[in-house]
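Q: Those protein sequences? They're chains A and B, same order as listed. Heads up: the first sequence is residues 1 to 1026, going by our numbering. Heads up: the second sequence is residues 1 to 138, going by our numbering.
Just to be clear, a hint being listed does not mean it is correct.
Said to hold, decoys possible - Far from chain A, some chain B residues (derived; all Cβ distances over 10 Å): (1) H57; (2) A86; (3) K90; (4) E93; (5) G96; (6) E98; (7) L104; (8) S110; (9) K114; (10) E124; (11) R125.
Said to hold, decoys possible - Estimated spans, in silico, between C-beta atoms of each pair: (12) R136(B) <-> K492(A): 30 to 38 Å; (13) D71(B) <-> N972(A): 25 to 33 Å; (14) D71(B) <-> G193(A): 52 to 60 Å.
To be verified - Examples of chain A residues toward chain B, derived with CB under 8 Å: (15) P541; (16) R568; (17) G991.
Treat the hints as calculated values from the structure; they're not laboratory data. None of the values given here were measured: they were computed from a predicted structure. Virtual Cβ for every residue (Gly too), placed ideally from N, Cα, C.
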Amino acid sequence: MADKEERQDSPAVDCPAAGTGKGILVIGGGVTGIQAALDLTRAGAQVYLVEKTPSVGGRMAQLDKTLPTNDCSICILSPLLVEALRNPNIRLLSYSEVVGLEGTPGSYHAKVLRKARYVSEETCVGCGICAKPCPVTVPNEFEMGLGDRKAIYVPFQQAAPLVYTVDTENCLNFKNGTFEQVCDKCVSKCPRGAISFDLKEEIVEIDVAAVLVATGFDEMNPRPLRNLSYGDIPDVLTGMEFERMLNASGPTTGHVVKRSDGEIPESIAFVQCVGSRDERYNSFCSRVCCVYSVKQCIVAKDHEPKVKDFHYFYRDMRAYGRGFEEFYLRGKNETGVNYIRSSPSSIQKNGNGRIAVHYEDPETARPASIDVDMVILSCAMIPSAGTEDLAKALGIEVGADGYFKIEDPLRDPLTSTREGVLICGCASGPKDIPDSVAQASAACAKALAYLGDNKVIAEEEPLPEHDPDEEPRIGVFICHCGLNIAGVVDSKGVAKYAKTLPGVAYATDNLYTCSDDTQKKIYNWIKKHNLNRVVVAACTPRTHEPIFRQTCAEAGVNPYMFDMANIRDQCSWVHADVPEDATEKAKDLVRMAVSRAQLLRPLPRKTVEVDKSALVIGGGISGIQCAIDTARQGIKTYLVEKTAALGGQLNNLDRLFPSNQSASELLEAKLEDLKKAGVEVMTSTEVESVDGFVGNFEVKVGGRDLKIGALILATGGQILDPEGKVGYGKFKNVITSNDFEKVLKETETFDGDKQIVFVQCVGSRQTEGYTGCSRYCCHVSLKQAGAAVKKGAKAAIIHRDVRAFTRDGEALYRDARRDGVHFIRRPDDREVDVKGNGTAESVSVFDQTLLSDLKLDCDLVVLAVPLVASPTAAPLAEMLRIPMGLDGFYLEKHVKLGPLETNTEGIFLCGCSQYPKDIPDSLAQASGVAAKVGALLSKGFVNLDPTTASVRTELCRACGTCVEICEYNAPNMVEKDGKTYVEINEALCKGCGTCASHCPTGAIVARHFTDGQVEAMIDILFAEQT
Amino acid sequence: MADFEPRIVAFACNWCSYAGADLAGVSRLQYPPNIRTIRVMCSGRVTPGWILRAFEHGADGVYVSGCHIGDCHYAFGNKMAEKQVALAKKLVEQLGLEPDRLHLEWVSASEGQKFADSVTGFVERIKSLGESPIRRKD
Ligand code: FES
Chain A
1 MADKEERQDS PAVDCPAAGT GKGILVIGGG VTGIQAALDL TRAGAQVYLV
51 EKTPSVGGRM AQLDKTLPTN DCSICILSPL LVEALRNPNI RLLSYSEVVG
101 LEGTPGSYHA KVLRKARYVS EETCVGCGIC AKPCPVTVPN EFEMGLGDRK
151 AIYVPFQQAA PLVYTVDTEN CLNFKNGTFE QVCDKCVSKC PRGAISFDLK
201 EEIVEIDVAA VLVATGFDEM NPRPLRNLSY GDIPDVLTGM EFERMLNASG
251 PTTGHVVKRS DGEIPESIAF VQCVGSRDER YNSFCSRVCC VYSVKQCIVA
301 KDHEPKVKDF HYFYRDMRAY GRGFEEFYLR GKNETGVNYI RSSPSSIQKN
351 GNGRIAVHYE DPETARPASI DVDMVILSCA MIPSAGTEDL AKALGIEVGA
401 DGYFKIEDPL RDPLTSTREG VLICGCASGP KDIPDSVAQA SAACAKALAY
451 LGDNKVIAEE EPLPEHDPDE EPRIGVFICH CGLNIAGVVD SKGVAKYAKT
501 LPGVAYATDN LYTCSDDTQK KIYNWIKKHN LNRVVVAACT PRTHEPIFRQ
551 TCAEAGVNPY MFDMANIRDQ CSWVHADVPE DATEKAKDLV RMAVSRAQLL
601 RPLPRKTVEV DKSALVIGGG ISGIQCAIDT ARQGIKTYLV EKTAALGGQL
651 NNLDRLFPSN QSASELLEAK LEDLKKAGVE VMTSTEVESV DGFVGNFEVK
701 VGGRDLKIGA LILATGGQIL DPEGKVGYGK FKNVITSNDF EKVLKETETF
751 DGDKQIVFVQ CVGSRQTEGY TGCSRYCCHV SLKQAGAAVK KGAKAAIIHR
801 DVRAFTRDGE ALYRDARRDG VHFIRRPDDR EVDVKGNGTA ESVSVFDQTL
851 LSDLKLDCDL VVLAVPLVAS PTAAPLAEML RIPMGLDGFY LEKHVKLGPL
901 ETNTEGIFLC GCSQYPKDIP DSLAQASGVA AKVGALLSKG FVNLDPTTAS
951 VRTELCRACG TCVEICEYNA PNMVEKDGKT YVEINEALCK GCGTCASHCP
1001 TGAIVARHFT DGQVEAMIDI LFAEQT
Chain B
1 MADFEPRIVA FACNWCSYAG ADLAGVSRLQ YPPNIRTIRV MCSGRVTPGW
51 ILRAFEHGAD GVYVSGCHIG DCHYAFGNKM AEKQVALAKK LVEQLGLEPD
101 RLHLEWVSAS EGQKFADSVT GFVERIKSLG ESPIRRKD
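Using the sequences plus the hints, can you model the full thing?
A: What follows is the structure in structure tokens.
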């Protein structure tokens, strides 16, 4: 064990001792693995990223849209892929598999098999000349078999790395895996001699401190469910197949068509839970299908308005995430989705050439059938192929469901059965993207603890400078974005036009301008043509500006000498019916960008030092976990809690799902960790004020003034007061589930006749007010009802949908049924009525399954009330200028890829302050935030955006207008040498430019959005046309 | 006059309105191709000078959009924009143009539909107002 020197500013740190491992091994290159790799390098780790297939990207690369915002999936993923690929501290081993792991945590020794592509990664440029003459055509896995590829192939056009691979299962030169040359069409055509059948597989050995497993999932093949006719009827597709069909770059270029005859279907059926929640195949819930099918309905309707009907068959609508409930209702209200609560018994070809879906009509409880033209099956998400082999190679276990086993999901939701081997994303069960990336970050926090000080601190290079007098030499790159742009806008024509514009030294068009290989090309063009400014006409700068800026910087062009013209989101996509006008608009936008580019000025890198300290606000389980993991990284950590005791909601709970651990034991253990980690705890204390900015917050708390590098909001939530609802307040035996925890704690056995009725969704999923789902209440009631029955009581649960979506949730539901818990489903619009005399005696409700009114006797009624935002949330939000959602919870930076950050750098969210969550999810998020904080503070400084305001002192008349309007106190009146003028504190300036637009003398310059630059755009826009 | 195609310049703040315009694209909402958008970080950056300049160069309409009041990424930039646009309206009138040729709209990042609808409405309105007299003069 290496001796670890105590950092001066760090308390006694209780963390695993670092070993000999010099990096971290990440297995799986989907969004989870990529996110983990990037987070790790940001914290200074060297990463080995092993991907089994020829390209990183994973499942997210295959998706068309992400919900609930319906963002283009690959578009938000691809900047991450490019960033990972060009990161010097990530060594990508694609088309490789881990075959062995020896050693101990901190000092693991891994063996990685690099399979032979028979194409040299160094030499191949991905031109694709080899694939054309290849005589073998096979179904393309990336297109879920709906499209074809050759035996030498790249899975998709934005593949990273963009290197071809010989598929030895199908190449004519391989017979049962042995090579015998019969065809040399690809070899002879390759202009670079990159293809060689002499290449051999090899074993690479690496020393790492920890291993992250992010191997994701596969879609189950529904063929065994013969009654659903998958494979027999060509228009019965799986969810992933349909996803490819919806994709504009997919096999049908985004058109919804029947595979049987190429016609547009009039009516589509969606079937949930195919192979999941089904004892014969997979008993777990696949967690994402309910809402992704809603998304598919909405997107299909968008793409093909001629599709009239969407019949959506489901069992429980599990729309549990933030904005999901609203999204599900949007499907009904806007797209007209016909939700039918029933599982089809069979799907068959009909005499009239259509497809008959047979099911039991929930409204009559009679057999019924509907004719449709297409059926989409939401198939189970199963462990990715090879999970068992990998488990063997890593010496870890898999659970009964086939996914990697988590040793103790409550204490540590990420660690497998072997210490230092962490599981994240779908490798430990189905998850959506935000939950997966939150886990990725969380796993990083754990992994980094094993790495200790074995870090590589990357040197920041100064940004390229330019001679202010040099002639503009602008490079213009016009994107096709596959067919997204070029399908409407004449991209080639726009490129040709760009060549004629003043200052343009080079212009061309690219299939995918953001792909990794185009970055290399842009780099070369910049060098070759000696460019000093770059304009890219493609998608939106909001997502893609960073990657192009980085390319510019690498090639010696200052990143602020770059501009984008948005010819996709704001042109080709919105003017699809008028291609000529769209092309004209694209030309205008390019002309405007070029004209601005002439006037762009280089800006230097600006950094500020950061304080290596963090303040966690809120001492519930999330705050505690976050503080522990932050402090373990050697960061001085404070934890403030406004009440007298730590633990938050945990103090009210008895036993916890899924491992049935006692809440007080868990809390005790965590508090012990907290102490060991050296966190400074302040109870009965509130934050009084916060000033400053990332790395340099000035916080007044408990009468102290603290300098803080990062702030974490773990303010949790509070249980909604159900006063007046379902007899609460009227009858004293109507209590909340929180109260019932106490009852459970205190009761050994219930008297046998005790009848307990649980009522779900009291105050949540409302048409007004609290419209969302509180996410964890179903599990709570299942757990409580199960426990009550075990203690001798009788229990019934009145629900609208049983949302037992977690890995062990379905088993909990099944066990409750088995143990005799009575489940009653009520329709959304029928209320529960409690009657009694002083005490509640009966509960009446309409039973949707029996289609009749039902009256239950009750001794106790337990209301599952939702978690609402904490009362401290709003004042804090105001103090910190953090946006809140309509639901009163804080808004995360990005629904999919930024669940842990806020829009303000240096301020993070964890636990229920973002949205209601269960304990494992809260813990994962808390650890994830700790990793983000570690990455932010590890270097001792952060980069600031240099696009701030600045003052031309000679013009300043010290009128004070700017001082008055700035919300951030950036402008300051100063007096020097008898002159009074304004100076801008650039660390405080956020770059909105409002002061510049109000400065009466023009003394204030909004860098990067100067009057000159904007006026040049206005002038050129109208100049050409008049 | 019926077939006249208005030329409109739009200013959109990066955080809400430009994002809303992107969302309109992501949702494939269709609107008339008459606007050319200039992205600024905040609507508070837009100056009456730019607006007038656009009109003087022959713009038939100018569309300014920012976050809803209360949602500005920089707290109150949009409040300042509101004032600036009101001032600009007066100046536009002095130029001899209908003040309706200048329009301010709050569009949030989730309001793709609103962006598309309001642009469509604005283009219609400008069509009914006809070509800018300044442009006709040229
Ligand atoms: S950022 Fe949108 S108006 Fe200020």
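Q: Taking the hints in turn, state whether each one holds.
A: Structure-based check of all given hints:
no.	hint	verdict
1	H57	4 Å, violated
2	A86	14 Å, holds
3	K90	17 Å, holds
4	E93	20 Å, holds
5	G96	18 Å, holds
6	E98	18 Å, holds
7	L104	14 Å, holds
8	S110	7 Å, violated
9	K114	14 Å, holds
10	E124	16 Å, holds
11	R125	19 Å, holds
12	R136(B) <-> K492(A): 30 to 38 Å	35 Å, holds
13	D71(B) <-> N972(A): 25 to 33 Å	28 Å, holds
14	D71(B) <-> G193(A): 52 to 60 Å	58 Å, holds
15	P541	7 Å, holds
16	R568	7 Å, holds
17	G991	6 Å, holds
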